[in-house]
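Listed below, chain by chain, are the residues.
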Amino acid sequence: MVAAPILDISDLWVSFPAYRAEPVRALKGVDLAIPPGEFIGLVGESGSGKTTLARAAMGLVPPPGIIERGQVLFNGRNMGQIEDEARRAVLGRELAMVIANPRAELNPVVPVGRQISNIVFYHLSVSRAEADRRALEMLRAVRIPDAERRFAAYPHELSGGMAQRVVIAIALACTPKLVISDDATSGLDVTVQTQVLDLLKTMVAEKGASALFITRDIAITAHYCSRIAVIFAGEIVELAPVATFFERPAHPYSITLLAAFSHSPELRLRWTRPPEVDAAPIPAGGCAFAARCVRRRERCLAEAPLLRPLAGGRSVRCHFPVDESVT
Amino acid sequence: MMPLVRYIARRIVFVVPQLFGIVLVSFFLVKLIPGDPAVMMLGPTASAQSLAELRDKMGFTKPLLEQLTHYLADVARGDLGTSWQTTRPVTEDLFQRFPATLELVTFGLLLAIAIGFPLGVAAARLKRGVTRKVADYYGLLAGALPDFWLALVLIYVFYTVLGWIPAPLGRIDMAILPPPTISGSLVIDSLLAGDWEALRSSLGHLALPVLTLGLINAGPILKMTQSMTERTLSSDFVRYAEMCGLPRRVVLRQAVRAALPSVVTIISVLYGFLIGGAVLVEIVFSWGGAGQYAVQGVLNADLNPVLGFVVFSAVLSLVTYLIVDLIYFALDPRLRA
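Just so you know, the protein sequences line up as chains A and B, in that order. Residues in the first sequence are numbered consecutively from -10, following the working numbering. Residues in the second sequence are numbered consecutively from 7, following the working numbering.
Treat the hints with caution; some may be incorrect.
As the list claims (entries may be wrong) - Ranges of calculated distance between the beta carbons of each label pair, as one might list FRET restraints:
(1) Met180/B to Arg117/A: 38 to 46 Å
(2) Ala75/A to Arg340/B: 33 to 41 Å
(3) Ala150/B to Pro272/A: 38 to 46 Å
(4) Ile333/B to Phe5/A: 49 to 57 Å
(5) Arg117/A to Arg12/B: 27 to 35 Å
Said to hold, decoys possible - Derived list of chain B stretches under chain A, where covered just means 3 residues or more per stretch with a C-beta under 8 Å from a C-beta of chain A:
(6) 23 to 33
(7) 238 to 249
(8) 292 to 302
Since the hints were made in silico from the structure, they are not lab data. Here the structure is a predicted model, which is why all the values come from computation and not from measurement. Positions of the beta carbon are idealized from the N, C-alpha and C atoms, including for glycine.
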């Protein structure tokens, strides 16, 4: 990895102030770098901070959230402190987003062709006719059948898969350097999901862009990413090349994630900590995953682990990483 | 275009039963108003016999249902009866007075939109700052002030003190010959006739009542524009537009565009309401509009003008709502399916 990363997140803390309480920390010191051309998967459960991370990367932390510490550098620009106009010039042009629920998020009263064309028109300063021409080209590129007719269609007239393709067309229309996909295919049928993801991967790769695949479905990352980052409670707990990760996951949480998708109830059972009725409260300052960890020991309650490198190019945030093959 | 035709046709089919229902309800309601037209017409000294004869002649002694069928049959022929106060057919009276009210209400609402809409958008866009404060207080004030009171204040300031406008009596100076009636609006008719003197006079008379209605009704339009634009500004598609880095003005335009249907709704509701609801302003300016006519009818147990007014307003409201539906149709492609 010689080239400077296209997205460089270092020690990022994002918090949401709460009324008369400690602020809620959505991200607690996240480090993540995406080199040019690489596909990284970011996996975690709901509320783990995946979407906040994506929003922070775009310089759009949802209010009233604030970046407490650390920084997000996109292509050398600090997205946390970027001016409004400069941010608008970057988003959609160099950093593009593929959203999850396109039929709700596309503008309901603008034809989809026009919505693609708008991106080109406002970002690349071409004529409207040229923008329309490129939009139609994009519609064909994302393999929407009968693209000329669909150009004038409204979002509600498209199927979910079709709308997802439109969103991909919007994301790639200006040849961005990084594409973030936030749970983009979670609403689709499995077969359509595969088609759309294959398409996304092919097109992103063709344009030489990097991609951050945010998902709850760990299986997706296996097929589409070269590295995988597991996020839990606002912290990256494991970062590993995909092959290594699926071969020997090191963090107990990674294993519960894998177990959740496996067909083996025993595996699931073995890695799920049974609910404790008279559990002592987990003290602050310990490992965030301790409450749910089957391998918890004294040290986990006393001392928060740091993300540290292991063999095979992976890092893990655990005092006692799992060292055997579990599957 | 086929869905549009079908849409309109379906709406028009429903107009007849709607009108029938409105006439039915208002007929019985009007009959419930206490007061005896015969006493009003003949005065307190009339003999019991002449009163009875007049009631009989006017059909008031017949069963209510028979009166209703008679009335409905007349309405179907376009005959709304005669007013005993003006001794003229109600239809004629209303055709003379409704344009006055429509002129007042239409220009008043146009002014209200011109004030309320931009202020609402500005207030929604800027969460803090002076504009927001102005908009908040304006909405509160416009909602709290009675229109007739504001009318009196405006008359005091602009007529009594400053003397900028003509006396608030009617729609045009007595000494000036009104232009030939084409649209019924004196301003438009003066323009069409190229009669500048009449135009100046009618504009002068129109200014204060329009200002009154405009200032008061800008309040609800402002509030609706503001709250709907705020909502669309935090909606999913606006957030997505932000993520796509579209220019600020484009995002704002999309948000305002999405807020339009609700704004159109409140405008149409205000329009229907003001046809009868501007009556206090009409009285203050001796406007001679339809609302004034109906109130006179109620006060003097003159039933035909009251019913006639209801029928006219109902038709007008139905037409307004039809137009509004067509606007929705143009604004929202999801309705065109």
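To see whether the hints hold, each was checked on the structure:
Separated by about 58 Å at the C-beta atoms, Met180/B and Arg117/A break the suggested range of 38 to 46 Å. At about 36 Å, the CB distance of Ala75/A to Arg340/B agrees with the hint of 33 to 41 Å. For the pair Ala150/B and Pro272/A, the supplied restraint of 38 to 46 Å is violated, since their beta-carbon distance comes to about 57 Å. Between Ile333/B and Phe5/A the C-beta distance comes to about 41 Å, which lies outside the given range of 49 to 57 Å.
Range check, Arg117/A to Arg12/B: about 33 Å between beta-carbon atoms, so the 27 to 35 Å window is met. Only when three residues or more bring their CB closer than 8 Å to a CB of chain A does the claim for the segment 23 to 33 of chain B stand; here the count is 0, and the claim is violated. Against chain A, the segment 238 to 249 of chain B contributes 7 residues with a C-beta closer than 8 Å to a partner C-beta. That satisfies the three-residue criterion, and the hint holds. Counting residues of the segment 292 to 302 of chain B whose C-beta sits closer than 8 Å to any C-beta of chain A gives 0, which falls short of three, so the coverage hint is violated.
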